[in-house]
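Counted from 1, the sequence shown has number 734 at position 734 by the UniProt record's numbering; the numbering is strictly sequential.
Watch out, some of these pointers could steer you wrong.
[Claimed, not checked] Think about it this way: if two alpha-carbon atoms lie no more than 20 angstroms apart in a straight line, the pair counts; the simulated SDA-like pairs of lysine to any residue are:
no., residue 1, residue 2
1, K25, R76
2, K255, L237
3, K215, G249
4, K680, E728
5, K582, G534
6, K875, R210
7, K230, T214
8, K797, E771
9, K525, S548
10, K582, D562
11, K780, K742
12, K559, K525
13, K499, C476
14, K756, L787
15, K241, V357
16, K749, E731
17, K780, E803
[Stated by the list, open to error] Simulated restraints on C-beta separations:
no., residue 1, residue 2, range
18, D79, R292, 19 to 25 angstroms
19, P866, S642, 39 to 45 angstroms
20, Q474, S565, 36 to 42 angstroms
21, R445, V306, 22 to 28 angstroms
22, Q569, R292, 39 to 45 angstroms
Derived from the structure by calculation, the hints contain no laboratory data. Just so you know, even glycine gets a beta-carbon here, dropped at the ideal spot from N, CA and C.
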Amino acid sequence: MAASVKTQEEALLKVFEPLPEMISKVLKAGRISDAHERHCLAFMEMELSVIVASLRMPLQPSRGCHGVDRRMSWLRSLDSLGSEVRAFVKSLCNQHGEEAPHRLLRKAMGCFHRRSLYGLLTLLTEYQLYHEASQCPHLELPIPELLPLSPQVAEIKAVWEMIKGAFPNNNCGSRILFTTCNESIARRILCNYDGVLHKMKPLNDSDSKRLLCTKAFSFMDNCPADNLIKLLCDEILAICKGIPLFIIGMAEWLKQHQQQHDSSAVLTAEQVHLLLKQFQQKLSFNYNEELRLTSLYLSMFPQGCVFDKDHLAFKWLEEGLINRHMRFVVSVASLTDSEDMKNYFSELVDRNIVTSVTENCGLNLDEDEWQINPFMMNFLASRAAEKGLIFTSTTLALPPSGGGNNTRVARRLALHHPNPQLPAMLQQMDLSRTRSLFISGAVDRIAIPLDKFAYLVVLDLEGWENLGDEDMLQICGMFVLRYLSIRHTGVSRLPPQIKQLRSLSTLDVSHTYINELPSEVCGLKYLRILDLRGTRIRHLPEKINELSYLERLDVSHTKISDIQSVLCQLHDLKTLDLRGTKIKHLPDQIVWLRQLTHLLVGGSGSEIINFDETGLAKIPEVIYQLFIQTLATIDLSEFSASSIQCLSDLTELVEIIMTWSFHQCSYKAYREALRSSIQKWRKLKSLTIHCGLGCSMEFLSYLSPPPKNLKKFKVTHGKFAGVPQWIEGLENLTFLQITVCKQVADDVKILAGLVKLKCLVLGLEFIHVKEIVIHDKGFKELERFSLDCPVPWQTFKEGAMLEIEYLQLKICSGPANQESVVPSGLINLQSITEVVIRYSKWCRNSSSIKTTVAAARKQIAMHLNPINIVINGIKEYNKTFDEETEAATGSGTKDGVHAADEAATAQPIKSEIQQIEGETDSHHYFFLATQCCL
Numbered sequence: 001m002a003a004s005v006k007t008q009e010e011a012l013l014k015v016f017e018p019l020p021e022m023i024s025k026v027l028k029a030g031r032i033s034d035a036h037e038r039h040c041l042a043f044m045e046m047e048l049s050v051i052v053a054s055l056r057m058p059l060q061p062s063r064g065c066h067g068v069d070r071r072m073s074w075l076r077s078l079d080s081l082g083s084e085v086r087a088f089v090k091s092l093c094n095q096h097g098e099e100a101p102h103r104l105l106r107k108a109m110g111c112f113h114r115r116s117l118y119g120l121l122t123l124l125t126e127y128q129l130y131h132e133a134s135q136c137p138h139l140e141l142p143i144p145e146l147l148p149l150s151p152q153v154a155e156i157k158a159v160w161e162m163i164k165g166a167f168p169n170n171n172c173g174s175r176i177l178f179t180t181c182n183e184s185i186a187r188r189i190l191c192n193y194d195g196v197l198h199k200m201k202p203l204n205d206s207d208s209k210r211l212l213c214t215k216a217f218s219f220m221d222n223c224p225a226d227n228l229i230k231l232l233c234d235e236i237l238a239i240c241k242g243i244p245l246f247i248i249g250m251a252e253w254l255k256q257h258q259q260q261h262d263s264s265a266v267l268t269a270e271q272v273h274l275l276l277k278q279f280q281q282k283l284s285f286n287y288n289e290e291l292r293l294t295s296l297y298l299s300m301f302p303q304g305c306v307f308d309k310d311h312l313a314f315k316w317l318e319e320g321l322i323n324r325h326m327r328f329v330v331s332v333a334s335l336t337d338s339e340d341m342k343n344y345f346s347e348l349v350d351r352n353i354v355t356s357v358t359e360n361c362g363l364n365l366d367e368d369e370w371q372i373n374p375f376m377m378n379f380l381a382s383r384a385a386e387k388g389l390i391f392t393s394t395t396l397a398l399p400p401s402g403g404g405n406n407t408r409v410a411r412r413l414a415l416h417h418p419n420p421q422l423p424a425m426l427q428q429m430d431l432s433r434t435r436s437l438f439i440s441g442a443v444d445r446i447a448i449p450l451d452k453f454a455y456l457v458v459l460d461l462e463g464w465e466n467l468g469d470e471d472m473l474q475i476c477g478m479f480v481l482r483y484l485s486i487r488h489t490g491v492s493r494l495p496p497q498i499k500q501l502r503s504l505s506t507l508d509v510s511h512t513y514i515n516e517l518p519s520e521v522c523g524l525k526y527l528r529i530l531d532l533r534g535t536r537i538r539h540l541p542e543k544i545n546e547l548s549y550l551e552r553l554d555v556s557h558t559k560i561s562d563i564q565s566v567l568c569q570l571h572d573l574k575t576l577d578l579r580g581t582k583i584k585h586l587p588d589q590i591v592w593l594r595q596l597t598h599l600l601v602g603g604s605g606s607e608i609i610n611f612d613e614t615g616l617a618k619i620p621e622v623i624y625q626l627f628i629q630t631l632a633t634i635d636l637s638e639f640s641a642s643s644i645q646c647l648s649d650l651t652e653l654v655e656i657i658m659t660w661s662f663h664q665c666s667y668k669a670y671r672e673a674l675r676s677s678i679q680k681w682r683k684l685k686s687l688t689i690h691c692g693l694g695c696s697m698e699f700l701s702y703l704s705p706p707p708k709n710l711k712k713f714k715v716t717h718g719k720f721a722g723v724p725q726w727i728e729g730l731e732n733l734t735f736l737q738i739t740v741c742k743q744v745a746d747d748v749k750i751l752a753g754l755v756k757l758k759c760l761v762l763g764l765e766f767i768h769v770k771e772i773v774i775h776d777k778g779f780k781e782l783e784r785f786s787l788d789c790p791v792p793w794q795t796f797k798e799g800a801m802l803e804i805e806y807l808q809l810k811i812c813s814g815p816a817n818q819e820s821v822v823p824s825g826l827i828n829l830q831s832i833t834e835v836v837i838r839y840s841k842w843c844r845n846s847s848s849i850k851t852t853v854a855a856a857r858k859q860i861a862m863h864l865n866p867i868n869i870v871i872n873g874i875k876e877y878n879k880t881f882d883e884e885t886e887a888a889t890g891s892g893t894k895d896g897v898h899a900a901d902e903a904a905t906a907q908p909i910k911s912e913i914q915q916i917e918g919e920t921d922s923h924h925y926f927f928l929a930t931q932c933c934l
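Model the full assembly from the supplied sequences, consistent with the hints where possible.
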């Protein structure tokens, strides 16, 4: 294999080695006068030099078979590219080389009308060279291929088989616990063996502080009185995120530091800052798993950065880290939905490198927001710097791992913290070799020589406090820039010179002070993503239709009040986001956008639409002529019955949010039209209907056939007599919000049988005749449950809802004969971490309300897990059983209820029920309790 690699390298060297010199000669000949063209060719020359240098570099024996496989894969990719690049360079030499003047004399007029060198072919060649240079195997740690069974799983499986063989099958009920921090491993074992997956939760703030103080200072409740020590402890707790192992480790380190120094001495602010730096270095623990470059790339982000999957995918794409065989014209949407992207991101979640921001936010799981584990962030930055892949503000100051001087070539550079030594460090570097630059925070503008970063491909300045309008002129001189983000900065205008960024593919100016988009932006011929969210822009340029490659346009929450018909000439547009604007109606010409698949109007994200304040843009009835996949939110109140019937032609529809008025419920033609359309949406995965108050939705109780792929079904304000029977067959349903008016015996059985249901929002508009009993069968994956009913007469039996973490009870004052009816069995909810009780302030004196709150507190106090209880927006932590019993049986209950009501307006917290898109929380550790018949 090694010999084959050597042979391939030698063959490719013959192809690529002469090319940098050939381009250099063309540039020296001076035949190309256009500054942009010369800039691009110089960029190509440098990238070709990187590829040649990598081909000359021998493969390290330590890389093993994975290194050889990766090298061969890269060589095959170069082989397919080599002939194209060589043909391009030869054509370049023929046109602009030393012999060019003789040909120009023979074709004198041609020299005055010479076609510009820069075009799609040049852009493709430029990007592909950058892509391959970014994928050079010597730049990356060895990685394993995605095998169907990882070595860890195989090892655990072998151990498990040994355990089963060693113990008799005598049904004594003993258990074996497996622990892993990789959720995919846990679930794979669970598929093969009868067991229970238990997700470990982090400690709450109170317990985290108690653990740190006990281990570091031997104080049970509070840290030392010194304010700076408290600051240090707060920083440690903020980073540890409630993980006991991390808290104990940092407590031991802090205790050792106190013992080595005079513990009675008062620390200065400088000493605390130094301690925090040392603490950060302690986070770079040993992590032996092999990592992809896509994982190491996360060290480019600042600490605490929140991002979505699309944002990360675009970065990976422009950095040349994924989709090696793609071409420039590949759809952005196809990238984010691709299996490769899903696999890469799942790997980050499974390894706990990224965690969901919404995992501790009640039922607000609709937003696709993620954060990098702070411990992993420091480790990734350290490992990336060791390999010379990425340098950050911290790792740049460290000496090179191999010794020698501090001279470095930083292909990727992330500067998020001010450092007085930064100008000196950057002065020693060849910044023309830097391809990706991230800057944020309070980094000093004077410290950053933007003019030296002449050949950047990716420039992300999101959140850089010191970026000004005058800096945009220097940025406009970065001719090969493909990705530019100035999101959340103080920039107020884009200069006309923006037109010089001819290679630009993504322009993100969201949440800036820009109030006008210059017409020169329309000259960015290859722009595919334009993000104007949250700006002060009122109009789009008249020539916006010249952005012929534009795929995504986001003008949400801007001042735009109308859509020009010229916008409808963007024939490649796939996503149009108009949410939060003052647009009242869309033109009929919207159907000219034949590639449009995602149309968003009305409210933003997961928020419930306020019709009185926002209003909805009227979508034309001819919308059915498009191949729409996402349509939100369409106001059907002014649609005719025939137009609603025509919506059935949206055969590609995957997600729809609609409004349905009260008067439409009263006419059979409207009801039949909507039901018929829903039955024909075979690919539908998400259906949300915002109804007028009092709407009867019973006509949707019978769908034949129902949309089998439905993952989310949400109906607000509308009512059903009972749970529709067709819901029973939805094997993929993860979110359900519904209100029923009658107590039907089979309803609980239908809901319990939804095998993938994770979030249930259930409204009961009737007085219970008998209690609702939740047994141990069913609701296998339910994690969040909200119940809105007059009297919460529910009993949770042992083993019920094993995965439920969040329970919300919305109650009101019930009839006098049911004042003693309360929820029971909360102690049987094994995974519960938070219980929320809500009621109207007008009911606070109701004895049934007081009894319900007292009963819930008492049961929560008896639970083995630490549980947060939230009453009308006031969060309180679980106290001791004796204290809670006294509060539940004596006057404490009354005081507690009144205190919650009085403080609700002062300290509100958001825990309203929202949507879920089928994503699961990522957690730090997983325990598998498997029944082992010992």
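Going down the list of hints, with the structure as the test:
1. K25 x R76: violated, 28 angstroms
2. K255 x L237: Between K255 and L237 the Cα gap is close to 15 angstroms, so the pair holds against 20 angstroms.
3. K215 x G249: Distance ~9 angstroms between K215 and G249 Cα, so the pair holds.
4. K680 x E728: holds, 19 angstroms
5. K582 x G534: holds, 13 angstroms
6. K875 x R210: holds, 19 angstroms
7. K230 x T214: Satisfied, since the Cα-Cα distance of roughly 14 angstroms is no more than 20 angstroms.
8. K797 x E771: The given pair, whose Cα atoms are some 12 angstroms apart, holds under the 20 angstroms limit.
9. K525 x S548: holds, 7 angstroms
10. K582 x D562: holds, 7 angstroms
11. K780 x K742: violated, 25 angstroms
12. K559 x K525: violated, 25 angstroms
13. K499 x C476: With a Cα-Cα distance of about 8 angstroms, the restraint between K499 and C476 holds, given a limit of 20 angstroms.
14. K756 x L787: holds, 19 angstroms
15. K241 x V357: holds, 12 angstroms
16. K749 x E731: holds, 14 angstroms
17. K780 x E803: The hint holds at about 7 angstroms.
18. D79 x R292: 19 to 25 angstroms: Check passed, 23 angstroms falls within 19 to 25 angstroms.
19. P866 x S642: 39 to 45 angstroms: For P866 and S642 the Cβ distance comes to about 58 angstroms; the hint is violated.
20. Q474 x S565: 36 to 42 angstroms: holds, 37 angstroms
21. R445 x V306: 22 to 28 angstroms: With Cβ atoms ~25 angstroms apart, the hint holds.
22. Q569 x R292: 39 to 45 angstroms: This hint holds: roughly 41 angstroms between Cβ atoms.
The structure does not agree with the numbered hints 1, 11, 12, 19 stated previously, though it agrees with the rest.
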